[in-house]
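Protein chains: 2
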Amino acid sequence: MLPSSPLPPGAVIGIIGGGQLGRMLALAAAQLGFRCHIFAPENDSPAFQVATQRTVASYTDYDALRGFAGKVDVVTYEFENVPAETAAFLAGRVVLAPGVAALQTAQDRVAEKTFISGLGLPVAPFAPVSDERELEDAIGRIGRPSILKTRRFGYDGKGQTRIDGRKNAATAWAEIGRAPAVLEGFVTFEREISVIAARGWDGEIAIYDVPENHHENHILRTSTVPAGIAAATARRAREIGGRIIAALDYVGVIGIELFVAGDDVIVNEIAPRVHNSGHWTMDACSVSQFEQHIRAICGWPLGSPERHSDVVMTNLLGDEVNAWRKLAAEPGTALHLYGKAEARRGRKMGHFNRVTPRQA
Amino acid sequence: MLPSSPLPPGAVIGIIGGGQLGRMLALAAAQLGFRCHIFAPENDSPAFQVATQRTVASYTDYDALRGFAGKVDVVTYEFENVPAETAAFLAGRVVLAPGVAALQTAQDRVAEKTFISGLGLPVAPFAPVSDERELEDAIGRIGRPSILKTRRFGYDGKGQTRIDGRKNAATAWAEIGRAPAVLEGFVTFEREISVIAARGWDGEIAIYDVPENHHENHILRTSTVPAGIAAATARRAREIGGRIIAALDYVGVIGIELFVAGDDVIVNEIAPRVHNSGHWTMDACSVSQFEQHIRAICGWPLGSPERHSDVVMTNLLGDEVNAWRKLAAEPGTALHLYGKAEARRGRKMGHFNRVTPRQA
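Just so you know, the protein sequences line up as chains D and H, in that order.
Taken in order, the first sequence gives residues 1 to 360; the numbers are from my numbering.
Taken in order, the second sequence gives residues 1 to 360; the numbers are from my numbering.
One copy or any two copies: either way a pair holds, since identical chains are not told apart in the list.
In silico lysine to aspartate or glutamate, EDC-like type, Cα no more than 20 Å apart, as pairs:
#1 Lys326 / Asp202
#2 Lys158 / Glu257
#3 Lys158 / Glu216
#4 Lys158 / Asp108
#5 Lys158 / Glu192
#6 Lys326 / Glu204
#7 Lys167 / Glu136
Derived by calculation from the structure, the hints in this document are not laboratory data.
Using the sequences and the accompanying hints, generate a full structural model.
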């Protein structure tokens, strides 16, 4: 559903989800003169604090969704676990970007890996698993170590377990709650990188420089740009990103996580939304991933993804946010806090970008 | 009323005034995890669109002001025409920054010029005028051409008239509505510049690079950084800014407009708030004037005012905002739109910063 002309300033952008990504999207939209209407079930959603309108309702409250769709000019979402039925319901009433098909592909690890390998792009060996016997068969084919992941609703390491030399199928199957799953071969990689790319309704694509990502306990800790990778590896990653975003007929910003293993670049997973490993763009580029996403879904020309600085982004998890005082005093450090009241363990409370003049 | 410790993220910042300056302050505050409560009389205030809470009431509605003061941790304002009684009422109940004395000085052109000349800093010759006879006397002393300005409530050229060779005192006096006024000698200047400075509760001062400003019909058109002035002139301007902000015991960001005439730097006027000629900091510095103001009033360390890029800021007035489509397509141009529904003639609808790598 391509808008015939760009949405003018003053139009209302509907955002499904009220977390920090929705909040930063709303702030970027405001800079361009848009109003935001946030739809989220939690009363204290951080994005509500900076939005013009809010709907507090469940993602399956179709009356609320109908009312929301009637008040906005375009709808987007800040997380990939929006129920596909909800997305489809909205898409029948108002422009939705990214579209339902891209969302469905990214929601299901089997669909996602099938799609990527169907493009001829490398993924870890994988097999769908729907019961304990299939898991045993899959372990037989894929080997150990391997990772058993639920097909749906996994993030930050939730819904997955490693199958090493000793763990048997029954234990692993119980650990992930006996939900439909996928077994993935273990990839020995040297680095984790990602591609943050944007695509407009007209097919225009813009890709940011490739960050190198470090995770701790499956949660992103830092993204560093430039990554410590060969130019050919960066080119390959960007090429993969461009192939995927075009093949999905995607509109908006996408985050694609990749492994670097020798000369190979292997796709790990796709997030159909702005991505934590793109937060560095807020202070090292003239157009952030958040503004880029708003531009894309509103039919505006994409901004230049050019990077003017080197940068390291670090997440503030749980009570690490208490370091704000020290961080605020650091020259060259840009602090971003999410307005969350409770600093639960591991919760993403903010991030900071340490920016230095561009060297390469 | 110095806060004993910095306000933590999550605190509520009260902002008097709901225009674009309040809006950009609220966006900057949100980045640091603060919530904003906007107090403004107009229902469709642009700042409401991005604020957590709002009070729609007159600036002299003391019940509303009392309620507002009870819900916020610090109060600031986005325009200098807040009634001094309103500011004093709030200051009796909650931390107010900048303080009442600075506001009163900046609200009255005679008090302002008396204060500045009392610091030994150059201002145009001036004389207070309270009736037609005083105006005739003042013209006799100061000469022609000169400018008659109301003591209060002038902005963007409103409330002033030029007295050239032919205009008589009676005409000029009628033109400004026979309000208490000041006659200022006409300064023949080569350039208009400004100083955007910040000061914290602890007396720390940070001063941005000096922009060169061009006005059309008394309204700011562009600010260019670096300005086309000698290094000594820039130093002198910064020194003047530092003297004024310290002498006012000021907390927050101040805008000081200056004339460059030969080797002289002459103070034109003071705005006790973030300033249109500081909008370039949003895209050419790591800490914008808006974030700087929030840091200052909340007792945070000031950010570095260092400039990483050269920049030209241009205001979008009235229907010039319709150029958003073209501007959005320009690489290196950052667009800022204010969410105003009606593009009235001369109304500030947005601005854009054209950013280029720093040359000097």
